[in-house]
Amino acid sequence: MPNLFSAKNLRKSYKVSNNPLKKGYLEVLQDVSFSLNEGQTLAVVGESGSGKSTLARILVGADSPDSGELLFEGKDILKRKNKFQWYKNIRMIFQDASASLNPRATIMQSLEEPLHNGTTYTASQRRERIKEVLEMVGLRAEYAERYPHTFSGGQRQRIAIARALLLRPKVIVADEPVSALDVSVQAQIINLLLDLQDQLDLAYVFISHDLGLVQHFSNKVLVLNNGKQEEYGRVADIFSQPKSQYTLELLNASAGYKKNR
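Residue numbers (our numbering): 10 to 270.
Hints are computed from structural coordinates only; laboratory data are not their basis.
The structure presented is a predicted model; accordingly, all values stated were derived computationally and were not measured.
Treat the hints with caution; some may be incorrect.
[Claimed, not checked] For lysine-lysine, the following DSS-like pairs were computed, each having C-alpha atoms within a straight-line distance of at most 27 Å: (1) K88 with K17; (2) K179 with K97; (3) K237 with K252; (4) K179 with K24; (5) K140 with K237; (6) K97 with K84.
Starting from the given sequences, assemble the full structure and let the hints guide the process.
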């Protein structure tokens, strides 16, 4: 049986000059591979510029790799004609919920858009689904008629999580989903994500710089360094016996990491 979601040898580079006489390219991902099953969490860690956000964009279809495979239930999404039908299964939660919500639209209007584009629901069915996901993330259904500025940061992130759940995905890519929140609110959002994972058997790709949180939250970890895959495997194995000097330095620099060696 194939893994739910996996990547094989993903590579990505960007042109670094608009001068046609220069052919400089910066390779931001080099042969990145991983696999993930239902109910599992893969953490992606590394310093700024390591390629984490580029990988996230590729995983949700916002960017395309130069080469490699991206497999969902054993089928390469990158070779499919109607990619959106596949990417409905893989949704994203951004770091800054405020920036991802239209300040001039009600929550109902913002959440209705993906349902309008991605389903054949009637207007009443869309409204029912929105109320359902809001309640799943701990918000009252009537909040749908309010505007983003009337909510706290933690509430806005709950709304962002609700939007990610609308199309009933099997994989959620979470790019630093709690780093912009107060510490007390961070714990609430992490507990919500864990509860949703248990309820829906979700798989998470969890991008974070907080290794203490990664140790608590994840099954597997992928360590990126300047686009290269330094290490990949079980969190317990890599955190207890890192093979890479870079990984060891990351662990030593992390105040939240609990050293068990």
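Here's how the hints hold up against the structure:
no.	hint	verdict
1	K88 with K17	14 Å, holds
2	K179 with K97	9 Å, holds
3	K237 with K252	15 Å, holds
4	K179 with K24	33 Å, violated
5	K140 with K237	42 Å, violated
6	K97 with K84	14 Å, holds
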